[in-house]
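*Asks:* So you can see what is in the structure, the chains are spelled out below.
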Amino acid sequence: MRNEALRITPHERLEQLVEALRGGNWLKALVFPMLGILAFLMVWHLCASRIDTSLGQFPGPVQVWEQVQNLGAEHVREREKAAAFYERLRERNAKKLAADPNAVIKDRQYTGKPTFADQIITSLLTVAAGFLIANLIAIPLGIVCGLSSGIYKALNPVIQVLKPVSPLAWLPLVTMVVSATYSSDDSLFDKSFLNSAITVALCCLWPTLINTIVGVTNIDRDLVNVSRVMALSPMVHVRKIVIPAAIPMIFTGLRLSLATGWMVLIAAEMLAQNPGLGKFVWDEFQNGSSSSLGRIMVAVLAIGLIGFMLDKLMLTLQKRVSWDKTALLR
Amino acid sequence: MNKRYLDITDVGIEFDTSGKKFRALQKVNLKLDKGEFVSLIGHSGCGKSTVLNIVAGLYQATEGGVCLDGKEVSEPGPDRAVVFQNHSLMPWLSVYDNVALAVNQVFRKSKSKAERKAWVEHNLRLVNMDHALDKLPGEISGGMKQRVGIARCLAMQPKVLLMDEPFGALDALTRAQLQDSLMKIQAELGNTVIMITHDVDEAVLLSDRIVMMTNGPAATIGEILPVNLERPRDRLELAEDREFVHLRQQVLEFLYAKQSAREPTVAASAAVVETTSPKLAAVQAGAPPERPGNDFEAA
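Protein sequences appear in the order of chains A and B. For the first sequence, the working numbering assigns the number 571 to the initial residue and increments by one for each residue that follows. For the second sequence, the working numbering assigns the number 1274 to the initial residue and increments by one for each residue that follows.
Don't read these hints as lab results, they were simulated from the structure. Every clue listed holds true.
Simulated pairs of lysine to aspartate or glutamate, EDC-like, Cα-Cα distance not exceeding 20 Å: (1) Lys1408(B) with Asp894(A); (2) Lys895(A) with Asp881(A); (3) Lys1390(B) with Asp1403(B); (4) Lys651(A) with Asp677(A); (5) Lys1432(B) with Glu1345(B); (6) Lys1304(B) with Asp1352(B); (7) Lys1432(B) with Asp1352(B); (8) Lys810(A) with Asp1370(B); (9) Lys889(A) with Glu1412(B); (10) Lys665(A) with Asp677(A); (11) Lys1307(B) with Asp1280(B); (12) Lys895(A) with Glu1412(B); (13) Lys1307(B) with Asp1481(B); (14) Lys895(A) with Asp1370(B); (15) Lys895(A) with Asp1407(B); (16) Lys1382(B) with Glu1394(B); (17) Lys1307(B) with Glu1503(B); (18) Lys810(A) with Asp894(A); (19) Lys683(A) with Glu650(A); (20) Lys810(A) with Asp1407(B); (21) Lys676(A) with Glu661(A).
Full structure from sequences and hints, please.
*Replies:* As structure tokens, this is what we get:
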């Protein structure tokens, strides 16, 4: 009995471990990702300690964690300062009113430096706006192209040429056009916000457009024939047959689009000095203090995590919208 | 018998496949009376479905034309409802909504909302599917899906019901059940029906006339066999009936002697249903060809 146990090969031992873990699925779901992350942190730590730059050693997990705490503390401090500012403003106004009820009250905005969290929110809003603009164009256009091979043939060359263009090539053009056509005095959005959003839109248009076209083109011929036999009007045909049938492909496109948009946004913000995470990274780089690399690494991880969460969000949405509840989505 | 409710005159069609002209049909002539049940039978790839699609308006004939109730057919419409072989229900709509989609389209002006709802339920009751109104097509069996497909077509109150191998993908038992249901419904409503089939028994059991098509290319109608068996028909009684056996024999004769099966071409083998040679061998060897088409039981 004991001898048998001794003769177990490493491979069998692993299998035994896996077998033991199989008892609790949650355990398995937790343990393997944990092992992966742990291994990644180890490799990161080991590599980082060997890289020296002009700004000091490359930040490892420990230094980055310190910067996470610093950035958090800065955010709290900045919010306290803002609250104190508004408190002072309120007191001063109250005093003024007490002295002279007809006094003109000035409403000032706090103009502190945006914190890391503020930058994240700006970036998210920008990417949401760009994504929305892109899909308001891409989905209807994709449906039209999918339904009519003539329109598809007409637009396909243009789509194929514009699709691989880098956002950075668009950016100067977008900036010039926006400043020429949009006055920011009385307007709802900042110019920089529009620049980033439009650049994002120009780049995340294509995956949704192309996937929508494919989804619509590949609808089961029989279903199209059923619709023709019923003599459905074009609007009902699109609403009841085309869109539900193409939904899985449309969502594939949307997920690719959002991922592209998020990547493009960071680059656009960096290059155009539009507020957001990209600007945060650029500012830290220019700043060049000993903590800069650590702070940039925090931004890198935040960008990755947010990108991951955006994809999860789309996946959840897809599961809710799709009619095929048995489909395996990844 | 000269009312000529549905009149297919000199229909021919030529397909243009990558520059090559392919003549699929030639000089197809067929006249149907109101309430008549006609089957089209022939080997795979002989153009049965093409005839049906021309009547449906899904294909345009190169020459000749189709008249239904005095009007020429130029495009698809709900007066020529089609039951497709693979049910073709919208997988994202419930059983009720699939039928309602057709009903709301056809009767959006002539019936009130409540009337339309009652009409959808009535038609699903006709095919015994009123117990599964809220189920999605993915949640019911193949036979049930085809029942819903038939209900959807009946609900459009078509002048002629076109059925493209409606039971071809079903197992033999389910198929028999659906054939009985169809006979009952057709006796009740008096529908005019054109049905494509590969199943000789099915053709003899259901039809008033069996239209046998020659092999393509340039296929046409070879023979028309009137089936004067008394209705209502009972499959068990007919199995022993001399007239029935004789009719079967005539159809088999046409299919396997006069129009022997060609080697399946690439195009023909793309079709889901094949009249396979083992069956032919069984017929020739004198084995009881009890139900040609049992090869679907595994499906």
